[in-house]
Amino acid sequence: MNKLNSKNNNAINRRNFLKVGVAGAAIGAISIPAKGREKLVEKVNKNVGPNLIKVHDEFPYEINSTFKRHSSMDLLFSGALFGTHPEDTDILNSGHRFIENNQKHDNSKKGWDQLGAAINAGGWALHHAVSANACFSQAGQGILKWEQLSEAEGKQGSHSSKDWVSDEKYKFRDKQEASNAIKRAARLFGADLIGITKRDKRWDYTDFFDGNLMLQGKRDEAVYGWEKFPFEPKSVIVLAFEEDYECIAAAPTHLGGAAVGEGYTRMTKVAYQLSVMLKQLGYMAVPASNDVGMSVPYAIAAGLGEGSRMGTLVTYKYGPRVRLAKVYTNLDFVEYDKPIEFGVMDFCKNCKRCADACPGKAISFDTEPTFEPPYDNAWYNSTGIKKYYMDARKCIKVWGDFGSDCGSCVAACPYNKPDFWHHRLVDKITKLMPGPVHDFMREMDIAFGYGDVDNPEKVDKFFDASNRSYDGQ
Amino acid sequence: MVFTGIEILFFTLGVMVTLIIISLIRYNKKYKFSALSWALLGIGSFLLVFCLAWSVSSVLEGVPRAASMGLMVFGIPAILLVLTGRRTVLKNQLKND
Ligand code: SF4
Ligand code: SF4
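Chains A and B are the protein sequences, given in the same order. Be aware that the first sequence starts at 1, since it is given in my numbering, and climbs by one per residue. Be aware that the second sequence starts at 1, since it is given in my numbering, and climbs by one per residue.
Do not take every clue at face value.
Pairwise CB distance ranges (calculated) [said to hold, decoys possible]:
1. F371/A to P77/B: 42 to 48 Å
2. V437/A to T4/B: 31 to 37 Å
3. L83/B to N455/A: 34 to 40 Å
4. D57/A to P77/B: 40 to 46 Å
5. K109/A to I79/B: 43 to 49 Å
6. A39/B to E58/A: 42 to 48 Å
Hints in this document: simulated from the structure, not taken from any laboratory. Each residue gets a CB set at the ideal place from its N, CA and C atoms; glycine is no exception.
With the sequences and hints as input, model every part of the structure.
What follows is the structure, encoded as C-alpha cells:
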C-alpha cells in the first residue's frame, strides 16, 4: 500500500468515527435502516458541526492601525545569518553559534549523537542541495526560482522538466474544478493539506535581499523589491506537510531537526512540481518556501488551521506538527478556501504547555493575545495583529546552544498527537466545553502521559523496531 | 501483519456492541428493566466499550500511561455503573416476586 493510501485509511478510521460521532455509533449499533441513519447523522452534524468548526469569511484575527507589512530584512534568520541588523550582536552571535554547533554531535547524549546528526543531515540533504537558503527565507533559491520561460524559450533549451509556461491556456469548466484539480495534483506530489487563497499583499514581504551580497557588505546592491517578481500574483496555494510524530516527540534532539529538514525537503519538491504543473496549464507560478511572504497568515487564510500561542499554525489533523510551502500564481479562476476556527486560540488561553516546555522561555504566558509584543527591540515581529507574540531572540539563542532546531513547543502541544481517533474526539469535546474545562483538559493531557519533552525514552521509541515492518508485510 | 491493530480493535468492538445489545434485550425480556436500570446498564456498557477502545488505541500508539489512565478513568466508573445497574435489576425482581 502506498503512503497516500495508508494515510487515507487511517483518516477514514478516525474521521469517520468522529464525523458520525458518538450518536452515529450508537445509531449504527441499534441498526436503524441505512437511509434513516444517514438522515439522523446529517442532522446531528448540521446542528453540532458549526459549533465544532466555524468558518470565517474574512481573516479571523483583528488587525489594528499599527500594522505594517514586513520586510524580509526584518526576519530573525536574516538578522542572525546574513547580518541585516548588524547592530543586534545578540542575534548575530546566536546565528553563528547555530551554524557552528550544527556541525557537531555528542555521542554521550541520546539523539544528539552521530546517528542522530546523520539522520538530521539526511533529512535536510535534498532541501539544501536544490533550494539552499530557502529555509532562511531567501527568495528564488535553486528550483524555487522566479524564472518564467516562455514555451519557445523552454523548447529551445534542454528543459526536459518542462519548466516553462505553455502558450495554450487550459480552461477549467468552473472554479471548483480548477481547485479540485490543483489540490488533487498537490496531494499526488506529496502535500498533506492544501488550501487556496487570494493573494493578500499584507502577508507578502515588502522587499527581498541577496544573502551573498549582504554578507559581502554590499547592502544597497543586495536589496530588491517586487519589480523583479515576474508577474502580478492573484492566488496563493498553501501546502502543509506533516512532520514525523516520533521524531518531533524526541525534541529537542537531532531527530527533531531531521523531521523538520525532511519537511523542508518535501516543501521544496512539491511546491516546485506544482509550479511546473501550473506553468504547463499556461499560468505563471513561483514556488516558495519561507520566502516571498509569511506562510502562517496565508495558511490561516487558506483554511488550513489556526494561529496559536507558540506562533505556528495549528492544523486540525496534525496540530502544529507541519511545515508550510506556497505557490504564487496568476491563475485566479479558482475556488478559494475560507479560514476556519476549531478552538485552538481559545484553548491556548489556559493551556500554556508550549510556554512551560520552552527551554528559552521565549513563548508568552499572557492569557490574552495582544497587538504588540510584550518585549522591546522586537524588529523581527510583525506587529498590529492580535495574537500571541513569541520572542524569537530567546528562541534562536536556544537553537544556537543546541546547533539544531529545538521544537520542544511543538512536541508539548496537546494538539500534537498521532493520527488516532480518540485524540480528535478529545479535541472536539474540548471545543464544545467552556474555558474553565480547558484547564482540566490540559491537566488530563499531562496525566495521560502526553507531551513531555527532553525525554531520552522518546529517542528509543523512534528506533524501536518492534511492531514495525519494513518489508510491507 | 494481515490486519492492523486498529482494524482488529474496531472489529472486536463491533462484536462486543452486538453481544451487549443482544444481552440487554434478552435480560430485559426476562427481568423487565426499570428506566433507572436501563440508564445505568446503558451508560455503563457504553463506557466499558469506550474504555476498551481508548486503552487499546493508546497501547497501539505506544503510550501505555494513557492506556492505564483510560482503564482507571473510564473502566472503573463503567464497572461500577454496570454493577449498580445489575443490583437495581435484581432488587426490582425481588420486589416483583
Ligand atoms: S523552538 Fe524551542 S526555544 Fe523556540 S520557542 Fe519552541 S520551545 Fe522555545
Ligand atoms: S501548547 Fe497549548 S498554548 Fe501552546 S500552542 Fe498548543 S494549545 Fe496553544
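Cross-check of the supplied hints:
1. F371/A to P77/B: 42 to 48 Å: Given range 42 to 48 Å: holds, Cβ gap about 46 Å.
2. V437/A to T4/B: 31 to 37 Å: Given range 31 to 37 Å: holds, Cβ gap about 33 Å.
3. L83/B to N455/A: 34 to 40 Å: This hint holds: roughly 39 Å between Cβ atoms.
4. D57/A to P77/B: 40 to 46 Å: Roughly 43 Å apart at Cβ, these two residues keep to the hinted range, so it holds.
5. K109/A to I79/B: 43 to 49 Å: holds, 45 Å
6. A39/B to E58/A: 42 to 48 Å: Given a distance of about 46 Å, which is inside 42 to 48 Å, the answer is holds.
Hint violations for this structure: none, all hints satisfied.
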